Amino acid sequence: MTTVAAPITVAPTAPPIIRQAGWAVTDSLVMAKRNLLVWSRVPAYIVFTIVQPVMFVLMFRYVFGGAIHVPVKGGYVSYLMPGIIGQTGAFASMGTAISLAQEVQKGAIDRFRSMPIARSAVLAGRLIADVVRMLITIVIVVGIGYAVGFRFQNGVGGAVCMVLLATGFGLAVCCISAFTGLAIRDEESAQAFGLIWLFPLTFVSSAFVPIQTMPSWLQVFARNQPITLIINAMRSFALGGPVAHALWTSLASIAGVLIFFLPLAVRAYRRTS
Amino acid sequence: MGGNGTGQSILVEGLEKRFGDVHALRGIDFAVPRGSVLGLLGPNGAGKTTAVRILTTLLTPDGGRAVVEGFDVVRDAAAVRRLLGLAGQSAAIQEELTGRENLEIIGRLYHLGRAEAGRRADELLERFDLAPAAHRPAKTYSGGMQRRLDLAASLVAHPAVLFLDEPTTGLDPRGRSGMWEVIRELVAQGTTLLLTTQYLEEADELADQIVVIDQGAVIAAGTSEQLKSKVGGDVVEFTVPDASRLGDAVAAVAGLTDGDPFTDQETGKVSVSIGDRGSEALIEVVRRLDAAAVEIAGLSLRRPSLDDVFLALTGHAAEESAATPGPPRRRGRRARQEAGA
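Line order of the protein sequences matches chains A and B.
Each residue of the first sequence is one higher than the one before, starting from 1 at the first, in the working numbering.
Each residue of the second sequence is one higher than the one before, starting from 274 at the first, in the working numbering.
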């Protein structure tokens, strides 16, 4: 039992700026921890982030794989894995949109805004948690890939670079999703909207099949869209081969998305009131 | 403290807010002395939540000002946030997490250390009778337990001023009285509280001062007793089963007192304020209805409730308007016109 005799224990004066910056980091980490804890408690989320990518690996490897011929050392599974990992990064962002839309809807974001926590913590905590979640999925998918015959052919450095690039790409897509989730503010709509743009964009790319097999009008789009550029760079990191061109263009497109969508997401967050 | 020597914990002056064409607040004023409870009472859409959202720094007003413990909610928003607690409809509760985890995380966000956040969580769980459920996910809690957990979350940092936005809306009677008990205890310890509610009974139970708002404006303010005295004493209430005779019934009793009778067309219920004339007036009502040959049911004489206050002030009932904003008000006016005719 407690008393509230001396009601003010939190200092009403503003703390120094360094302290505030430190709090912005710890607040974001606390929010990230909260989000990961929630994620670990909901079986549906785990199915969505782990079982689904694993199913994709197995289906493409054993169902479609036999029909898809690629001029790559190690065969289709070597071609496939960087594509699946890229797709994992992109699809992880769906959770970002859904969770943020949920939190706006039930008023949780309002509650956080009425508390003296760093303004950036809700958004940053969400993105940190989603990147961690994405890395867990990528590690599991790589493990499954190894079980079905995939091997990195370009050393540990290449493997690490590939994972980093996939993570950067995933983070960029999460920013887009953060914006759409906060702007749409409705769980189901946010999810449906995510599917509408993510599915065509990941499938009309070099992720699962060589672009040369597509009709020529589609090739123009598929060859030049950012997901193809990023997956090509990841593939070069994983399997060896010239990386420079694909890497610079993909880094540029990741930077472009971040520069454009991060401010939009922040603005949408400010407007949730 | 922010140099507020007046003893007012919350001060609201000429507060205005528009959402497009909707004038949500039309210049409201009120003050809450430190350590007291203000009940902000009104139907859905009256502007209660808008006022609370401005006071808790979530919305910027379009006019007027609001001050919490001496700090302007716009200019010194950060300082205000360090002093306030906000609770309401369980918004802060993450259902997948346990009660303890929920409170611990809030404590960490208020920059209590890890150990202190845990200690504070246990203390609050104990205090709100949630200790046995501390390690269960909050989604297994009853509605009343979730509200108590939400309230506990708002108290983690010992706020000087607490805002409760419709804390019992949607709870069953048992959950509601449990909430009331907890809130009363809190108030006894000196926390300043602003409470919004559409339940007149709730404001009556908990608030020292009541501010009644309707359509963005303050229409009355005072203690529960003062508001009740505005109704003008006891109320005679009866129902006319035959809807076509309702007008005759109202006309028959219209001249009885200064105030107009109130009619609810849907239920056929008529209420008449009779001042302090008691049973004499009751007999007079029966006599007049008998003379007009109107058949009635369920005649009663009762003490005024805050519902009657709302009726007297706005011409429509609070809860009724909450269900269907708009039409009941017109219905109230029409009833008055009929009564005057």
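Just so you know, these hints were derived from the structure itself, not from any lab.
As the structure is a computational prediction, the values presented were derived from the model and not from experiment.
All residues carry an ideal CB built from backbone N, CA and C; glycine is no exception.
One should not assume that every hint holds.
Claimed, not checked - Taking lysine to aspartate or glutamate pairs in the EDC-like style, the calculated list, with each CA pair at most 20 Å apart, reads:
#1 B:542 / B:563
#2 A:33 / B:399
#3 B:503 / B:474
#4 A:106 / B:478
#5 A:106 / B:368
#6 B:412 / B:478
#7 B:501 / B:515
#8 A:73 / A:186
#9 B:503 / B:478
#10 A:33 / B:533
#11 B:501 / B:549
#12 B:503 / A:186
#13 B:501 / B:521
#14 B:503 / B:580
#15 B:412 / B:399
#16 B:503 / B:515
#17 B:501 / B:557
#18 A:33 / B:368
#19 B:501 / B:481
#20 A:106 / B:369
#21 B:503 / B:521
Unchecked claim - Covered by chain A, per the in silico footprint, the following chain B stretches (three or more residues, Cβ under 8 Å):
#22 401 to 409
#23 477 to 488
#24 580 to 587
Unchecked claim - Here are the in silico distance ranges between beta carbons for each label pair:
#25 B:392 / A:196: 47 to 53 Å
#26 B:457 / A:258: 34 to 40 Å
#27 A:271 / B:478: 36 to 42 Å
#28 B:512 / A:40: 28 to 34 Å
#29 A:136 / B:457: 23 to 29 Å
Each hint, compared with the structure:
no.	hint	verdict
1	B:542 / B:563	holds, 17 Å
2	A:33 / B:399	violated, 25 Å
3	B:503 / B:474	holds, 17 Å
4	A:106 / B:478	violated, 28 Å
5	A:106 / B:368	holds, 11 Å
6	B:412 / B:478	violated, 29 Å
7	B:501 / B:515	violated, 31 Å
8	A:73 / A:186	violated, 45 Å
9	B:503 / B:478	holds, 19 Å
10	A:33 / B:533	violated, 61 Å
11	B:501 / B:549	holds, 13 Å
12	B:503 / A:186	violated, 45 Å
13	B:501 / B:521	violated, 28 Å
14	B:503 / B:580	holds, 12 Å
15	B:412 / B:399	holds, 19 Å
16	B:503 / B:515	violated, 31 Å
17	B:501 / B:557	violated, 23 Å
18	A:33 / B:368	holds, 15 Å
19	B:501 / B:481	holds, 14 Å
20	A:106 / B:369	holds, 14 Å
21	B:503 / B:521	violated, 27 Å
22	401 to 409	violated (count 0)
23	477 to 488	violated (count 0)
24	580 to 587	violated (count 0)
25	B:392 / A:196: 47 to 53 Å	holds, 48 Å
26	B:457 / A:258: 34 to 40 Å	violated, 52 Å
27	A:271 / B:478: 36 to 42 Å	holds, 37 Å
28	B:512 / A:40: 28 to 34 Å	violated, 58 Å
29	A:136 / B:457: 23 to 29 Å	violated, 47 Å
Hint check: violations occur at hints 2, 4, 6, 7, 8, 10, 12, 13, 16, 17, 21, 22, 23, 24, 26, 28 and 29; the rest are consistent with the structure.
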